[in-house]
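Novice: At position 274 of the sequence shown (counting the first as 1) the number is 273 in this note's numbering, and the numbers step up by one without a gap.
Hints were generated in silico from the structure; no laboratory data involved. Owing to the predicted nature of the structure, the values given are computational and were not obtained by experimental measurement. Check the hints yourself; a few may be wrong.
[Unchecked claim] Subject to a maximum C-alpha distance of 16 Å in a straight line, what follows is the list of computed EDC-like cross-link-like pairs (lysine to aspartate or glutamate):
hint : residue 1 : residue 2
1    : Lys170    : Glu189
2    : Lys115    : Asp102
3    : Lys170    : Glu129
[What the hints assert, rightly or not] Cβ pair distances, simulated, as ranges:
hint : residue 1 : residue 2 : range
4    : Gly185    : Lys115    : 28 to 36 Å
5    : Pro263    : Asn208    : 33 to 41 Å
6    : Gly185    : Ala63     : 48 to 56 Å
7    : Lys206    : His269    : 22 to 30 Å
8    : His145    : Tyr91     : 18 to 26 Å
Every residue gets a Cβ at the ideal spot worked out from N, C-alpha and C, and that includes glycine.
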Amino acid sequence: MTFLKRYYVQHLCTLLTVITLVDPSPCNPGFYVLKGECEGCPAGFSCLGGMSEPDPCGPGNFSAPLATNCSIANDGFYSPGTTKHHNATQQYPCPSGFECKADRSSAPPRGCSDPKPCPAGTWSPLHVAECLLCQGGTYCPGTSKHYNATEALECPAGFWCTQQDGNGTIKGCSKPLPCAPGTYSGPASEACLICSDGFWSPGTDSKRNATEALECPPGYSCIRNDPATGQATGCARPHPCGPNQYSEKCAMYCSKCGPGTSSPGTSPGHPSTSCTPDAISLIGPGSEGIVAADS
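The task is simple: from the sequences and hints, build the whole structure.
Specialist: The following block contains the structure:
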């Protein structure tokens, strides 16, 4: 071999060696280098190109095969991210009773990684970014260990369910409130109703639900307004008629007995429903005080 041929062969081998060591044709985006060869990026990972190993998708993200970047889980969906035992190959629908909302204000933006339970006063169907407030006349205990708030429940009769708290803040009702004495309610009520004059209600307690206004019984009176304050509170307990008073059912006030009649008033087991004529003493000449009833 001549000197010129040996020179070209030596330099050609050196050039090929340098090219092989410096850049063995890098992998395209969506692939990574494995044992000197390009392998497709698996689902649940991202590969920008020329990487020696795939980059796992973080919490709130997922990816399909050959992905250059992981995708953010949409609102109403979640992804736990790729872990040792799970590849984040897809996003999952947010279950009923939970909310899943992406945090797009963070850097970088992150999807939901773990569904959040609906708090008391709210509920949710499937695929929801934020739990819904219970409307008036319904209540929601919220999602707990033993219960998923998948719907708003109807407020039972004898109770009331309002969206507002004592300060007027819209929160949603988490627990039905019992009707107070003097009030009652039907199902799906936002507020209890005050009994009208001539009716009463003991309110809801452990023994009964105040589902209707009760007729004031004969021998009693039932007034809507509190005599002391004048405020409409409803009658919580019928008031018995006093001496020389009587009443029929549904009475607002007891009536006074007329002239020549009287009544002992209402006592336990003996309602005063009418007045009886008074007894008259007939005392004449030679009599000894004969007492007779006026007929």
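Novice: Now look at each hint and say whether the structure bears it out.
Specialist: Do the hints match the structure? See the list:
Taken as a hint, the Lys170 and Glu189 pair is honoured in the structure, with Cα atoms around 14 Å apart against an allowance of 16 Å. Proximity of Lys115 to Asp102 is assessed by CA-CA distance (about 13 Å); at most 16 Å being required, the pair is judged to hold. About 14 Å separates the Cα atoms of Lys170 and Glu129, which keeps this hinted pair within 16 Å; it holds. Gly185 and Lys115 have their C-beta atoms about 35 Å apart, which keeps the hinted 28 to 36 Å range intact.
The hint said 33 to 41 Å for the Cβ distance between Pro263 and Asn208, and at roughly 36 Å that hint holds. At roughly 54 Å, the beta carbons of Gly185 and Ala63 sit within the given window of 48 to 56 Å. In this structure the hint that Lys206 and His269 lie 22 to 30 Å apart at CB holds, the actual value being about 25 Å. With their beta carbons about 23 Å apart, His145 and Tyr91 fall inside the hinted range of 18 to 26 Å.
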